[in-house]
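Use the sequences and the hints to build the structure in full.
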Amino acid sequence: MRRSVVEVICTTVRREADTQRTGTVKIVAFSKSTDPHLTLRRIERQHALIEELRRYRGSPRSGVALASALGVTSRTIERDITRMRQSGIPIRVQRGPHGGYAFEARSSTAPVVLDPGEIAALIVALVALGPTATESARTSMIKLINALRP
Numbered sequence: 001m002r003r004s005v006v007e008v009i010c011t012t013v014r015r016e017a018d019t020q021r022t023g024t025v026k027i028v029a030f031s032k033s034t035d036p037h038l039t040l041r042r043i044e045r046q047h048a049l050i051e052e053l054r055r056y057r058g059s060p061r062s063g064v065a066l067a068s069a070l071g072v073t074s075r076t077i078e079r080d081i082t083r084m085r086q087s088g089i090p091i092r093v094q095r096g097p098h099g100g101y102a103f104e105a106r107s108s109t110a111p112v113v114l115d116p117g118e119i120a121a122l123i124v125a126l127v128a129l130g131p132t133a134t135e136s137a138r139t140s141m142i143k144l145i146n147a148l149r150p
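Residue 129 in my numbering sits at position 129 of the sequence shown, and the numbers go up by one each step.
A hint or two may mislead.
Below, simulated EDC-like cross-link-like pairs (lysine to aspartate or glutamate); rule was C-alpha separation at most 20 Å, straight line [to be verified]:
1. 143 with 51
2. 143 with 115
3. 143 with 118
What follows is a set of in silico ranges between Cβ atoms, one per label pair, in the way DEER data are often shown [as the list claims (entries may be wrong)]:
4. 92 with 120: 17 to 25 Å
5. 106 with 68: 38 to 46 Å
6. 55 with 120: 27 to 35 Å
7. 69 with 116: 35 to 43 Å
8. 97 with 55: 17 to 25 Å
Quick caveat, the hints were computed from the structure, so don't treat them as lab data. For glycine and all other residues, C-beta sits at the position ideal for the given N, C-alpha and C.
Now the structure itself:
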């Protein structure tokens with residue numbers, strides 16, 4: 001039986017063990033969705049959530065505001081934020097009346113060295129997401145493809 005790209009990606013990311021250490025990032029195993037379309041929608045939504053948080057450059061954004069911007073419930077935002085933080089994405093949670101969520105990535109990053117297999121894995125993941133789903137996805141795809149060219 002052929003598996004979809006999303007199923008392959010999900011199977012690759014999820015491990016039988018609860019957690020696995022890779023450098024300083026803790027990779028958490030999540031239960032696999034039985035519906036690959038739901039998994040894809042979650043990936044698309046989480047990517048849109050990161051893009052929305054990036055637009056506010058580290059300023060906290062409330063769960064209600066994020067939910068409204070993405071057309072989901074605030075509970076869905078909470079679940080997505082929890083998953084992303086457990087995966088190592090730097091999202092700060094600020095409690096209180098002026099609290100919310102903020103993306104805390106550096107404005108510029110150190111160079112990352114990837115081997116051709118790692119680049120291909122990222123390209124496959126972007127294809128599953130839709131390489132033009134967001135501007136970041138589009139530019140990432142271009143850079144990754146150019147990196148593989150001889």
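| said: Could you work out which of the previously given hints the structure breaks and list their numbers from low to high? | reply: Those not satisfied are hints 4 and 5.
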